[in-house]
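There are 2 protein chains.
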Amino acid sequence: MIKYQQIAAEIETYIEENALVQGDKLPVLEALMTHFNVSKSTVTKALELLEKKGAVFQVRGSGIFVRRQKRKGYMDLLSHQGSENITSKVIELEVKKPTKEAAHHVNVEPDEDVYYVKRVRYRNGQALCLEESYFNKSIVTYLNKEIVSESIFDYIQKGLGVKVGFSDVYLHAGKLKREEAKHLCLENGAPSLYVESIFHVTNGQPFAFSTVTYHFEQSHFFVQTNSPFS
Amino acid sequence: MIKYQQIAAEIETYIEENALVQGDKLPVLEALMTHFNVSKSTVTKALELLEKKGAVFQVRGSGIFVRRQKRKGYMDLLSHQGSENITSKVIELEVKKPTKEAAHHVNVEPDEDVYYVKRVRYRNGQALCLEESYFNKSIVTYLNKEIVSESIFDYIQKGLGVKVGFSDVYLHAGKLKREEAKHLCLENGAPSLYVESIFHVTNGQPFAFSTVTYHFEQSHFFVQTNSPFS
Chain A
1 MIKYQQIAAE IETYIEENAL VQGDKLPVLE ALMTHFNVSK STVTKALELL
51 EKKGAVFQVR GSGIFVRRQK RKGYMDLLSH QGSENITSKV IELEVKKPTK
101 EAAHHVNVEP DEDVYYVKRV RYRNGQALCL EESYFNKSIV TYLNKEIVSE
151 SIFDYIQKGL GVKVGFSDVY LHAGKLKREE AKHLCLENGA PSLYVESIFH
201 VTNGQPFAFS TVTYHFEQSH FFVQTNSPFS
Chain B
1 MIKYQQIAAE IETYIEENAL VQGDKLPVLE ALMTHFNVSK STVTKALELL
51 EKKGAVFQVR GSGIFVRRQK RKGYMDLLSH QGSENITSKV IELEVKKPTK
101 EAAHHVNVEP DEDVYYVKRV RYRNGQALCL EESYFNKSIV TYLNKEIVSE
151 SIFDYIQKGL GVKVGFSDVY LHAGKLKREE AKHLCLENGA PSLYVESIFH
201 VTNGQPFAFS TVTYHFEQSH FFVQTNSPFS
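For the protein sequence lines, the chains are A and B, in the order given. Going by the working numbering, the letters in the first sequence line up with residues 1 to 230, in that order. Going by the working numbering, the letters in the second sequence line up with residues 1 to 230, in that order.
The set of hints was computed from the structure by calculation and includes no laboratory data. One or more of the hints may lead you astray.
[Unchecked claim] No more than 25 Å apart at the CA atoms, straight line, and that leaves these computed lysine-lysine pairs for DSS-like: (1) A:Lys100 <-> B:Lys72; (2) B:Lys52 <-> A:Lys3; (3) B:Lys52 <-> A:Lys175; (4) A:Lys53 <-> A:Lys89; (5) A:Lys53 <-> A:Lys25.
[To be verified] From the structure, some residues in chain B lie toward chain A, with a derived Cβ separation under 8 Å: (6) Ala31; (7) Phe65; (8) Asp168; (9) Val212.
Here the structure is a predicted model, which means the values were calculated and not measured. Ideal Cβ positions, reconstructed from N, Cα and C, are used throughout, including at glycine.
Use the sequences and the hints to build the structure in full.
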């Protein structure tokens, strides 16, 4: 972790430990520099990162303020960091040819092998979602059943050293098909939130494409946006 | 519009006019400085803004590359700029006491008046969503039926001069209630995507709370994220 990322993490811990709420003012720049014993540019970069993440907002000439979503149980739509109390049941782990769509999204030829993972994820023992993912094997070079029972992203980053960058996310509501419903213990045709994501390495190469079918009663999401208007 | 925002808009136009696609490289910094006849810091700020918006990504030591969602008909979940071919049928426009929840979200006392707007929005004449919004009257000081038939956000920004900042967005899938279904010409119990948003002025004051109930077959969204992992 680069210095400013570490400081950003420490500021987030500070916000949490002091139970700061939306609108609370953070200490001024100079105080943060002294507290963390770092340069102005490091603090500034840390704050920019936190603003990007939607953890703080800056008001020109007035200061830096806390942003915190206040609803219990809501998941961050755009963060794929392992949530707590998540377990997985692996239904399929295979090396195989991708669908045409998946090949396109992970940037391989249709006759090139990819890793394919299908699993049901549970939160506190309750079915949360059905997840199907395709991984570009030239970037995600190895997976096994033990790995895919846990957080695949943790492994990809920490185990394989892949630098995960941005992602493109697509979502819509729909009706569950019979097989999806069975995995989620819901009725055929029940509502569902479908979330498709294409994940890229920081250099822009796509390495994974996933389709996640959520249990509608178990999945509530939040997104903290930056100014979409500017 | 500040200079760097204008340059950002021009770079976006350049991307569009040249039909650049995801992964295409933009001209180097120096070329952009010359082309737009502006300073390095202006170009840098413009590119940072575009990166924040998910329009480009930067690869250290390599350059700046285009990001473009490639699916036709998908709407940007986090942009509330007026989409094309959207019309509205106003069902209710009232000054009234907010619900307890709405009062909390727009930061008024429960016995304080707010503007309440309920409308159905159509895209190309097809029901897209049912929208209920509460506006803090001390910020959104005036609305009338003509205004709320068009883009309320356009008016708030251009007409009232409100500087719209960040928003908190909450979403989940669910089953349509009878009255919602009627407005969207769907069956009672059909799936729906529910999106709640709290909009803030750049100084952090909340000024609007809206609940939007989407027609599931008409609403597909995309979000272009920045590195959520960093």
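Okay, the hints, checked on the actual structure:
1. Pair hint A:Lys100 plus B:Lys72 holds up; C-alpha atoms about 18 Å apart against a cutoff of 25 Å.
2. Restraint check for B:Lys52 and A:Lys3: satisfied, since their Cα atoms lie roughly 21 Å apart, inside the 25 Å limit.
3. For the suggested pair B:Lys52 and A:Lys175, the alpha carbons sit about 33 Å apart, so the restraint of at most 25 Å is broken.
4. For the proposed pair A:Lys53 and A:Lys89, the alpha carbon gap of about 31 Å is over 25 Å, so the pair is violated.
5. A hinted pair counts as satisfied when its Cα atoms are at most 25 Å apart, and A:Lys53 with A:Lys25 qualifies at roughly 17 Å.
6. About 20 Å separates the beta-carbon of B:Ala31 from the nearest beta-carbon of chain A, more than 8 Å, and the hint is not met.
7. A cut of 8 Å between beta carbons decides the hint on B:Phe65: the least distance to chain A is about 5 Å, and the hint holds.
8. Taken as an interface hint, B:Asp168 checks out: its beta carbon lies about 6 Å from the nearest beta carbon of chain A, inside 8 Å.
9. Residue-level restraint check for B:Val212 is violated (minimum Cβ-Cβ distance to chain A is 12 Å; threshold 8 Å).
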